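A.B. asks: Chain by chain, the residues run as shown.
There are 2 protein chains.
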Amino acid sequence: MTLTGNLLLGQRAVAGSRDAIRAIDPATNQALEPAYAGGTGEHVAQACALAWAAFDAYRETALDQRAQFLETIADEIEALGDTLVERAVAETGLPKARIQGERGRTCTQLRTFARVVRSGEWLDVRIDPAQPARQPLPRADLRQRQVALGPVAVFGASNFPLAFSVAGGDTASALAAGCPVVVKAHAAHPGTSELVGQAVARAVKRCNLPEGVFSLLYGAGREVGIALVSDPRIKAVGFTGSRSGGIALCQAAQARPEPIPVYAEMSSINPVFLFDAALQARAELLAQGFVASLTQGAGQFCTNPGLVIARQGPGLQRFIDTASAHLRQAPAQTMLTPGIFNAYQAGVDALAANPNAQAAASGVPGQGPNQCQARLFVAQAEAFLADPRLQAEVFGAASLVVACSSDEQVRQVAEHLEGQLTATLQLDDGDIDSARKLLPTLERKAGRILVNGWPTGVEVCDAMVHGGPFPATSDTRSTSVGTAAILRFLRPVCYQDFPDALLPSALQHGNPLQLRRLLDGQREG
Amino acid sequence: MTLTGNLLLGQRAVAGSRDAIRAIDPATNQALEPAYAGGTGEHVAQACALAWAAFDAYRETALDQRAQFLETIADEIEALGDTLVERAVAETGLPKARIQGERGRTCTQLRTFARVVRSGEWLDVRIDPAQPARQPLPRADLRQRQVALGPVAVFGASNFPLAFSVAGGDTASALAAGCPVVVKAHAAHPGTSELVGQAVARAVKRCNLPEGVFSLLYGAGREVGIALVSDPRIKAVGFTGSRSGGIALCQAAQARPEPIPVYAEMSSINPVFLFDAALQARAELLAQGFVASLTQGAGQFCTNPGLVIARQGPGLQRFIDTASAHLRQAPAQTMLTPGIFNAYQAGVDALAANPNAQAAASGVPGQGPNQCQARLFVAQAEAFLADPRLQAEVFGAASLVVACSSDEQVRQVAEHLEGQLTATLQLDDGDIDSARKLLPTLERKAGRILVNGWPTGVEVCDAMVHGGPFPATSDTRSTSVGTAAILRFLRPVCYQDFPDALLPSALQHGNPLQLRRLLDGQREG
Numbered sequence: 003m004t005l006t007g008n009l010l011l012g013q014r015a016v017a018g019s020r021d022a023i024r025a026i027d028p029a030t031n032q033a034l035e036p037a038y039a040g041g042t043g044e045h046v047a048q049a050c051a052l053a054w055a056a057f058d059a060y061r062e063t064a065l066d067q068r069a070q071f072l073e074t075i076a077d078e079i080e081a082l083g084d085t086l087v088e089r090a091v092a093e094t095g096l097p098k099a100r101i102q103g104e105r106g107r108t109c110t111q112l113r114t115f116a117r118v119v120r121s122g123e124w125l126d127v128r129i130d131p132a133q134p135a136r137q138p139l140p141r142a143d144l145r146q147r148q149v150a151l152g153p154v155a156v157f158g159a160s161n162f163p164l165a166f167s168v169a170g171g172d173t174a175s176a177l178a179a180g181c182p183v184v185v186k187a188h189a190a191h192p193g194t195s196e197l198v199g200q201a202v203a204r205a206v207k208r209c210n211l212p213e214g215v216f217s218l219l220y221g222a223g224r225e226v227g228i229a230l231v232s233d234p235r236i237k238a239v240g241f242t243g244s245r246s247g248g249i250a251l252c253q254a255a256q257a258r259p260e261p262i263p264v265y266a267e268m269s270s271i272n273p274v275f276l277f278d279a280a281l282q283a284r285a286e287l288l289a290q291g292f293v294a295s296l297t298q299g300a301g302q303f304c305t306n307p308g309l310v311i312a313r314q315g316p317g318l319q320r321f322i323d324t325a326s327a328h329l330r331q332a333p334a335q336t337m338l339t340p341g342i343f344n345a346y347q348a349g350v351d352a353l354a355a356n357p358n359a360q361a362a363a364s365g366v367p368g369q370g371p372n373q374c375q376a377r378l379f380v381a382q383a384e385a386f387l388a389d390p391r392l393q394a395e396v397f398g399a400a401s402l403v404v405a406c407s408s409d410e411q412v413r414q415v416a417e418h419l420e421g422q423l424t425a426t427l428q429l430d431d432g433d434i435d436s437a438r439k440l441l442p443t444l445e446r447k448a449g450r451i452l453v454n455g456w457p458t459g460v461e462v463c464d465a466m467v468h469g470g471p472f473p474a475t476s477d478t479r480s481t482s483v484g485t486a487a488i489l490r491f492l493r494p495v496c497y498q499d500f501p502d503a504l505l506p507s508a509l510q511h512g513n514p515l516q517l518r519r520l521l522d523g524q525r526e527g
Numbered sequence: 003m004t005l006t007g008n009l010l011l012g013q014r015a016v017a018g019s020r021d022a023i024r025a026i027d028p029a030t031n032q033a034l035e036p037a038y039a040g041g042t043g044e045h046v047a048q049a050c051a052l053a054w055a056a057f058d059a060y061r062e063t064a065l066d067q068r069a070q071f072l073e074t075i076a077d078e079i080e081a082l083g084d085t086l087v088e089r090a091v092a093e094t095g096l097p098k099a100r101i102q103g104e105r106g107r108t109c110t111q112l113r114t115f116a117r118v119v120r121s122g123e124w125l126d127v128r129i130d131p132a133q134p135a136r137q138p139l140p141r142a143d144l145r146q147r148q149v150a151l152g153p154v155a156v157f158g159a160s161n162f163p164l165a166f167s168v169a170g171g172d173t174a175s176a177l178a179a180g181c182p183v184v185v186k187a188h189a190a191h192p193g194t195s196e197l198v199g200q201a202v203a204r205a206v207k208r209c210n211l212p213e214g215v216f217s218l219l220y221g222a223g224r225e226v227g228i229a230l231v232s233d234p235r236i237k238a239v240g241f242t243g244s245r246s247g248g249i250a251l252c253q254a255a256q257a258r259p260e261p262i263p264v265y266a267e268m269s270s271i272n273p274v275f276l277f278d279a280a281l282q283a284r285a286e287l288l289a290q291g292f293v294a295s296l297t298q299g300a301g302q303f304c305t306n307p308g309l310v311i312a313r314q315g316p317g318l319q320r321f322i323d324t325a326s327a328h329l330r331q332a333p334a335q336t337m338l339t340p341g342i343f344n345a346y347q348a349g350v351d352a353l354a355a356n357p358n359a360q361a362a363a364s365g366v367p368g369q370g371p372n373q374c375q376a377r378l379f380v381a382q383a384e385a386f387l388a389d390p391r392l393q394a395e396v397f398g399a400a401s402l403v404v405a406c407s408s409d410e411q412v413r414q415v416a417e418h419l420e421g422q423l424t425a426t427l428q429l430d431d432g433d434i435d436s437a438r439k440l441l442p443t444l445e446r447k448a449g450r451i452l453v454n455g456w457p458t459g460v461e462v463c464d465a466m467v468h469g470g471p472f473p474a475t476s477d478t479r480s481t482s483v484g485t486a487a488i489l490r491f492l493r494p495v496c497y498q499d500f501p502d503a504l505l506p507s508a509l510q511h512g513n514p515l516q517l518r519r520l521l522d523g524q525r526e527g
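One line per chain: the protein sequences are P and S, in this order.
Just so you know, we're using my numbering here: the first sequence kicks off at 3 and counts up by one.
Just so you know, we're using my numbering here: the second sequence kicks off at 3 and counts up by one.
There may be inaccurate statements among the hints.
Identical copies go unnamed one by one, so any copy, or any two together, can satisfy a pair.
To be verified - Straight-line distance between alpha carbons at most 20 Å, and here's what the computed EDC-like set of lysine to aspartate or glutamate pairs gives:
#1 K207 <-> D77
#2 K439 <-> D58
#3 K439 <-> E62
#4 K439 <-> E417
#5 K439 <-> D499
#6 K439 <-> D502
The hints are simulated quantities; they were obtained by calculation from the structure and are not laboratory data.
Predicted model only: the values in this text are computed from it and were never measured.
Looking at chain P on its own, in the form it has when it is part of the complex (with noise of 0.2 Å):
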């Protein structure tokens, strides 16, 4: 488990020899050793051809095969024990209990996708018999499943450095469809990138797959990045952080000879709705829900509440007060990088300075380098609505609060909002009727919608969606968490009176998989 700074290309470390990455200690600005040289063209293309010459094979390995793996992967990171949680706190500024449990949500991710390839209903197989009698032509046997996309390139997000990461959901889901994954480790936090590739590949080898099932990379700058996705065998991208380096990303996909599929998660404020009897009834009790949600971890959430709707009156009068008098509380703390915290300095001061934004409490200042101070803003509708720099991502610790002058100027600001990950309706019974004028514009608008919750905080099960349309992702179809994040990576493909010695077993006439198939429009039970 010792660090090298080598890339991995298959089970194979090889060193860079481009300009190096170095993680930097938050808390101190301290740079942490190895120095992770960046790849070359060359390695890029190296990875890309084992991914290549072991996609075939992997991508029609048993279920129970390619579902054990994904639990030795887990296995693998669990025996990976403190050393990794050490460095990811080092790397991160994280606390060392959100590391640990991001840790648990990880290894649980991919033991899930080893429960959803087992089920094998990701193979939606649909059988339509042949009719020889039929008139006027008979009909022949056709018989389709979904197949492996192929190499996945999947680059690493700075805020969860497991989670989304490495191994975090994108190669979870490609690898669980059947796709080698080729990862651009995020420059924030490459020892704890290589631990979890090494640990990736340590399970690749267990579980006797071709080397090239995995392979990892790191580059400085976003020349190793644009050069994976432009490689001809990568054929999908995953990829979670910036909205510029999303739509670059995007860019260079639609540029290829064979354009390909990017799931882009990028840019999200997460509105809030706050609904006139809830804000009666309880004022208090959501300011202080709401500090906790948007201080959380620094802020440093895709679904942190950045944005907070309500009409103008004394309730709302009430939670902006309320929520100043916590977030005057709220203490400093250490951000994922220095250019995140410069990020975050610069947007904040955006809107200090922008007169269509009145500040309305600061948190307690940083004492150390990079501490995020948690900031409140108010805006008038009309402002909002004439302003597009008051609708852009803060990421941190910072949020706006937009006073309506009516329930028809709540609908015009929800109209106005560009995509969103999640909308939180904050609502009591005597407000129903209002949410539900409201539900068909955030349905258009946002992945997930809730009620009386906060959004930060993302079950990984069947039922959730972290995607939404643009910018919130580059892909709305989708989601990147849960797992119907499998679907991402696969394609149908129909085979034609195909004898049942060249049918794969998922489409027999035995059934050997034992799967629900829809037969003859019938889903079998």
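On the provided structure of chain P, position chain S as indicated by the hints.
C.D. replies: Only chain S this time, still in chain P's reference frame:
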């Protein structure tokens, strides 16, 4: 049922004011009345505004109401009687029986989607009930369903004036998903388009749906189409046509502030692999079936067999000789438009002038205007691998036989192919092992793989895949024929901790739609 030459903006017939299109009877080169003046940018905006206004209501129509709407469209198309058939024959040069068959297919398709809508399986309901006592954190109640993407722009295709046009597969699947549709009629059959458009508009009225559920636009050139795809209220695009047209729409969709999915079905040469034992046993029969498939409908099918690949030898020579003999008897057939005829001529002239291809046979020369003379060419595999021009689609009854020196060269040729709608294997028992080795390549290259059939003829059923890797389509994750096409126009939304009174009926606790939900990880019986 009089043709007016007007656009349909919802229920309103409006005269365009831009350059007019006029159908041309390709059998006589005579222009047909009336003229269809093109829509303006303002007409496009009005159609999109109506579609947007209709969207929230239409996407929440009850399943039975939406199904009845699809059935009513089919009824109204049938009620057009011979008026429709005669106009379509005049505009396309296709035989009457073909148009009658296509009308049947179109109406069956609409009724099939009515069945799909009623089943509700496409809602993909997933429910993870709350676990308030879970440690360390409780689980919220999470419920997922699929919702419609938004208004869809549909571009009619030239080669199926009914089944891939105004009320064809793209329109049927989008309407089934809950999306209003704005159709840009194909310039080759505006009268057929108007008749069908009037039928759809009557169905909208009979079913008391908001008028914006359907509009129909005309336009010479690409102006109306690009304006339509660029309108912010359009959320997806369906297209069947040329590679250049499809790519132009993809680029317009990506250039929007909010990029949207484009389902463009573009270009495929549908390779047919003839294996040794099959060739030895029945080269003559294969040649006969091949020429019948190649010349059907003057070769104007997306699935036309434009490429034949086999090992050199006496079997292949018998195939080429017999196919040539049949082809020489093949009568010339009128093509759909002068433009398609000219493109076909240019394509076969280029092949005839290419030293890498040898002309093997020509069909009976045409006597009237726009008649397709069938053509067969032969090339050696080395030349095919070296010359990308030999892989260019020639839309019409032309095909190229590629002679290979070994199984390995057959595999190389297969790997060298672009993405395809179909790949066909002609094999006998003795060929099974060779076919099995080729299958992984073909699964990566094509959406449908056939054994001992011919690719023309695309069944509308659950298991069909009419799709495939780029450039066969712009999105290999889907199909444009068959019931799975409804999935193209949906996105998931998750509802967290909703009171029953706010939940859509598909997700309510009492399961009033009686759906087979994925409940706590288990599929309901």
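A.B. asks: So, for every hint listed, does it hold in this structure?
C.D. replies: Tested hints:
Taking the shortest Cα distances, K207 and D77 sit within 20 Å of each other inside one copy (13 Å), while across copies they are farther apart (61 Å). In this assembly of identical chains, K439 and D58 lie within 20 Å of each other by CA distance solely across copies; the values are 11 Å between and 50 Å within a copy. Taking the shortest Cα distances, K439 and E62 sit within 20 Å of each other only across copies (13 Å), while inside one copy they are farther apart (48 Å). In this assembly of identical chains, K439 and E417 lie within 20 Å of each other by CA distance solely inside one copy; the values are 12 Å within and 54 Å between copies.
Proximity of K439 to D499 under the C-alpha cut-off of 20 Å is restricted to the inter-copy arrangement: shortest distance 18 Å between copies versus 51 Å within a copy. In this homomeric assembly, K439 and D502 come within 20 Å of each other (Cα to Cα) only across copies, at 15 Å, whereas the closest approach inside a single copy is 54 Å.
Going down the numbered hints, you'll see the structure goes against none, and every one checks out.
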